[in-house]
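Here is what each chain is made of, one letter per residue.
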Amino acid sequence: GAGVSQTPSNKVTEKGKYVELRCDPISGHTALYWYRQSLGQGPEFLIYFQGTGAADDSGLPNDRFFAVRPEGSVSTLKIQRTERGDSAVYLCASSPPGTSGSQEQFFGPGTRLTVL
Amino acid sequence: GESVGLHLPTLSVQEGDNSIINCAYSNSASDYFIWYKQESGKGPQFIIDIRSNMDKRQGQRVTVLLNKTVKHLSLQIAATQPGDSAVYFCAENSGGSNYKLTFGKGTLLTVNP
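Chains as they are written, first to last, in our numbering: chain A, 1 to 116; chain B, 1001 to 1113.
Treat the hints with caution; some may be incorrect.
Taking lysine-lysine pairs in the DSS-like style, the calculated list, with each CA pair at most 27 angstroms apart, reads [what the hints assert, rightly or not]:
id : chain 1 : residue 1 : chain 2 : residue 2
1  : B       : 1056      : B       : 1068
2  : B       : 1071      : B       : 1056
3  : A       : 78        : A       : 15
4  : A       : 17        : A       : 78
5  : B       : 1042      : A       : 78
6  : B       : 1042      : B       : 1105
7  : B       : 1068      : B       : 1042
8  : A       : 78        : A       : 11
9  : A       : 17        : B       : 1042
10 : A       : 15        : B       : 1071
11 : B       : 1105      : B       : 1056
12 : A       : 11        : B       : 1105
13 : A       : 78        : B       : 1105
14 : B       : 1068      : B       : 1105
15 : B       : 1042      : A       : 11
Which chain A residues face chain B? A few, computed with CB under 7 angstroms, are given here [stated by the list, open to error]:
id : residue
16 : 14
17 : 18
18 : 40
19 : 42
20 : 43
21 : 45
22 : 91
23 : 107
24 : 108
25 : 110
None of these hints come from the bench; they were simulated from the model. The beta-carbon is built from N, C-alpha and C at its ideal position, and this holds for glycine as well.
Next comes chain A alone, as it looks inside the complex (with noise of 0.2 angstroms):
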């Protein structure tokens, strides 16, 4: 079956410049999470949804960033003002509903952000 896609794949964007990042989650998956990994790091969480709602949004940098998931499925990160240390890799993952615990992320191949 489809998995999370990602896209655009990469983007190259000018320091102070907006752009945004599309996620499509796995179909009936209800919670979507936002990661950003850093060359040769792992992914660091930025913010989770359950929903339509942004349930904790605690790893998100700055408020330059912003994400909305306006019908519960899929996801769009806006990044305004780019600046050069916002260049990684952004992924997205989506996990099914569970009733208690942890569940499975399944990610995305995410989109390769490069600000020159």
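With the hints as your guide, set chain B onto chain A.
Okay, now just chain B, sitting in the frame of chain A:
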């Protein structure tokens, strides 16, 4: 295992050998642990998980061991194959969170034919 510097820990093995990748996790309240495999240009791929009420779990060619006393996790891969070459990450649910994973830095496994 975990690195305190900028360089990724590496493990090089011969095809057919067994591999052991180690990880020290940070939060004693974490109760769910996962090993992910990440190939170049791809997202992390689930390998195996274990909950804190267990100390060992086996999958196909893989075994995860959990030692809560010293906060240590290991991944054993039997009969390592060239296709196993990748970066391996351990992850913990931060402090028992139902959703937030904290990843280790990763270990680069290279399998020589």
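Next item on the list: Just pull the numbers of the violated hints for me, sorted ascending.
Entry: 7, 10, 16, 17
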